[in-house]
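J.: Sequence:
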Amino acid sequence: MLGILLFILSFSLTFIFLKYWIPLAKKKGIFGIDVHKPNKPKVTEAGGTIFLFSIIACLLIYGLWLTIHNTTPDLKFFSIFSSTLIAGFLGLQDQLIEIRWRNKLIFPLIIAMPLVIARVGHTIVDIPFFGPIDFGNIYVFFIIPLGVIGFVNMVNMLAGYNGLEAGLGAINATWFLIVSYLVGNELTFFTSLILLGSLLAFLKFNWYPAKIFPGDVGTFTIGTVLISMAIIGNMEKFLLGLSSLYLINFFLFIYWQIKRKPYKKFADVDKNGYIKPPNPYTVYWLLPYYFKLKEKTIVKILLLLQFFIGFLSFLFFIKI
Numbered sequence: 152m153l154g155i156l157l158f159i160l161s162f163s164l165t166f167i168f169l170k171y172w173i174p175l176a177k178k179k180g181i182f183g184i185d186v187h188k189p190n191k192p193k194v195t196e197a198g199g200t201i202f203l204f205s206i207i208a209c210l211l212i213y214g215l216w217l218t219i220h221n222t223t224p225d226l227k228f229f230s231i232f233s234s235t236l237i238a239g240f241l242g243l244q245d246q247l248i249e250i251r252w253r254n255k256l257i258f259p260l261i262i263a264m265p266l267v268i269a270r271v272g273h274t275i276v277d278i279p280f281f282g283p284i285d286f287g288n289i290y291v292f293f294i295i296p297l298g299v300i301g302f303v304n305m306v307n308m309l310a311g312y313n314g315l316e317a318g319l320g321a322i323n324a325t326w327f328l329i330v331s332y333l334v335g336n337e338l339t340f341f342t343s344l345i346l347l348g349s350l351l352a353f354l355k356f357n358w359y360p361a362k363i364f365p366g367d368v369g370t371f372t373i374g375t376v377l378i379s380m381a382i383i384g385n386m387e388k389f390l391l392g393l394s395s396l397y398l399i400n401f402f403l404f405i406y407w408q409i410k411r412k413p414y415k416k417f418a419d420v421d422k423n424g425y426i427k428p429p430n431p432y433t434v435y436w437l438l439p440y441y442f443k444l445k446e447k448t449i450v451k452i453l454l455l456l457q458f459f460i461g462f463l464s465f466l467f468f469i470k471i
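Note that this note's numbering has the sequence shown beginning at 152, numbered continuously upward.
Be aware that a few hints might be false.
Lysine-lysine pairs mimicking DSSO-like chemistry, simulated, CA-CA at most 27 Å apart [stated by the list, open to error]:
#	residue 1	residue 2
1	Lys193	Lys416
2	Lys388	Lys193
3	Lys410	Lys193
4	Lys355	Lys445
5	Lys170	Lys355
6	Lys415	Lys427
7	Lys388	Lys362
8	Lys422	Lys410
Hints listed in this document are in silico derivations from the structure and should not be mistaken for laboratory results.
A quick note: this is a predicted structure, and the numbers were derived from the prediction, not measured.
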């Protein structure tokens, strides 16, 4: 019952506040240009602030519920709460002053600090062909920060189409919800419900044609909640499987940089709405580079692919 209430509340808060935020933010000049539309419409930015607020509010209510029932929230709860709040704050700063992407690489190191301080997760990691290895403090002070830095930045990189970031996040939250229920991890189960509810409400406005973008505050929040749940719930292998698209996108980008091709942030679009990327060196440019596709179709393909990746990761995680 609590899970249903948190899901409904997270969905409702996001939905209601977005109704007010979208016209208000645009009036205040908080908007961007939807570059993948022929007519280049103005779209409200920083929508991630709304589902960040919903997630934080619902986590507080969950913590209050624990306190009322004489169960004091532990360090795991406060670590995921703090990391999410820091992620939102840093993402919002980037939204306001447009920090260079190279400088943003260090942001997730700050986000990881609550997880490090709380010493969450198991230090024993089962390595293929080697078996279980206890990394001890190396896990706490090196692997956790490195994992957060890598994953949050990869989530931030795989973005740019209407519904893509929030859609991928919602699919990943769904798989985390299923796995958390099966392994009996209450904190990640309720956090998954909260994240899923807020993202589904956001998708109502972010789906093609988008009325609002999540911005870095949104991608930072999504990435942080997912990696925090993986560490807290000892589901790092599962998240590694879910990260396949993000990893492919990252390595394509690195290859692009090694080739030293001219950097171009956005693809062109013709008068009929077909995407014309300059190269195939990102996941979201790969298909339209070789096939004649529009933005909405590309997003649907990528979301379907991510769902299938989640299914395979789920089978692998349950098997082991």
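J.: The structure should be examined with respect to each hint, and the outcome stated for every one.
T.: Hints and how they fare:
1. Lys193 - Lys416: Holds: lysine 193 and lysine 416 sit about 18 Å apart, inside 27 Å.
2. Lys388 - Lys193: Judged against 27 Å, a Cα distance of about 40 Å means the pair is violated.
3. Lys410 - Lys193: Distance of about 34 Å is beyond 27 Å: violated.
4. Lys355 - Lys445: Measuring from Cα to Cα gives roughly 20 Å; hence the hint holds.
5. Lys170 - Lys355: holds, 11 Å
6. Lys415 - Lys427: holds, 12 Å
7. Lys388 - Lys362: Not OK: lysine 388 and lysine 362 at ~35 Å, beyond 27 Å, violated.
8. Lys422 - Lys410: violated, 30 Å
Violation of the numbered hints given earlier is confined to hints 2, 3, 7, 8; the remaining hints are satisfied by the structure.
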